[in-house]
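The numbering of the sequence shown is the working numbering, which starts it at 62 and goes up by one.
Mixed in with the good hints there might be a few duds.
Per label pair, the in silico range of CB-to-CB distance [what the hints assert, rightly or not]: (1) A173 with S133: 33 to 43 Å; (2) R117 with E139: 29 to 39 Å; (3) R199 with S127: 37 to 47 Å; (4) D178 with L154: 11 to 21 Å; (5) S167 with R199: 12 to 22 Å; (6) W155 with D178: 13 to 23 Å; (7) T121 with T142: 35 to 45 Å; (8) V145 with L125: 31 to 41 Å.
Rather than coming from a laboratory, the hints here were simulated on the basis of the structure. As the structure is a computational prediction, the values presented were derived from the model and not from experiment. Cβ coordinates follow ideal geometry from the N, Cα and C atoms, glycine included.
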Amino acid sequence: ADLQQHLRAGIGLLHARLGHQLAAQLGQVQILRLEIQHLRIGLSQQQLAQVLGVSRPTVTRMGLGSYRLAASQPKSWELGTLFVRLFRSLDALWGHDDVARTWLSSHNLGLAARPRDLLPTVEGLVRVVGYLDAARGRV
C-alpha cells in the first residue's frame, strides 16, 4: 500500500509537470499565432489588445516573448482562441490576406456592420466568428 501511494504521488507530480509544460508550450503557440494573424489581417497592436481584453503594452510583451497567454487567465485565453478561429475561418474561406482584409473592412449586411468594428467586444467577436462558421458550413 505504501508503494502504491508513492507511485500515485509520483505519477501525479509527473502529470502536473507535463501539464504545466504543455500549457506553457500551448501559450507560446497561441501567442505566435496571434502575432502573425493580427498582422496578416491588418489589425494594429492596439486593436489586438482590444480584442483580447489586455493592454497594448501586454501585446508588445507578448511579441517580445516576455508575456504568455495562459489558460489560467480564462478571459484573454478564450478571446485569443476565438481570434485564432476567426483567422482560420477567414483563411479557409478566402485564403488570401488582401481578400480577408477587404471583407473585414466592408459593411456586412448579415452582421449589420463592418466586421472589423465588431471585433473589440466579446459579443461582436462571437458574432463574427459565428457568421464565418456558418459561411464555412455552406462551402
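Results of checking the hints against the structure:
1. A173 with S133: 33 to 43 Å: holds (36 Å)
2. R117 with E139: 29 to 39 Å: With Cβ atoms ~20 Å apart, the hint is violated.
3. R199 with S127: 37 to 47 Å: holds (42 Å)
4. D178 with L154: 11 to 21 Å: Cβ of D178 to Cβ of L154: about 19 Å, so the range 11 to 21 Å holds.
5. S167 with R199: 12 to 22 Å: holds (19 Å)
6. W155 with D178: 13 to 23 Å: Taking Cβ atoms as reference, W155 and D178 lie about 19 Å apart, which means the hint holds.
7. T121 with T142: 35 to 45 Å: violated (21 Å)
8. V145 with L125: 31 to 41 Å: violated (20 Å)
When held up to the earlier numbered hints, the structure conflicts with 2, 7, 8 and fits the remainder.
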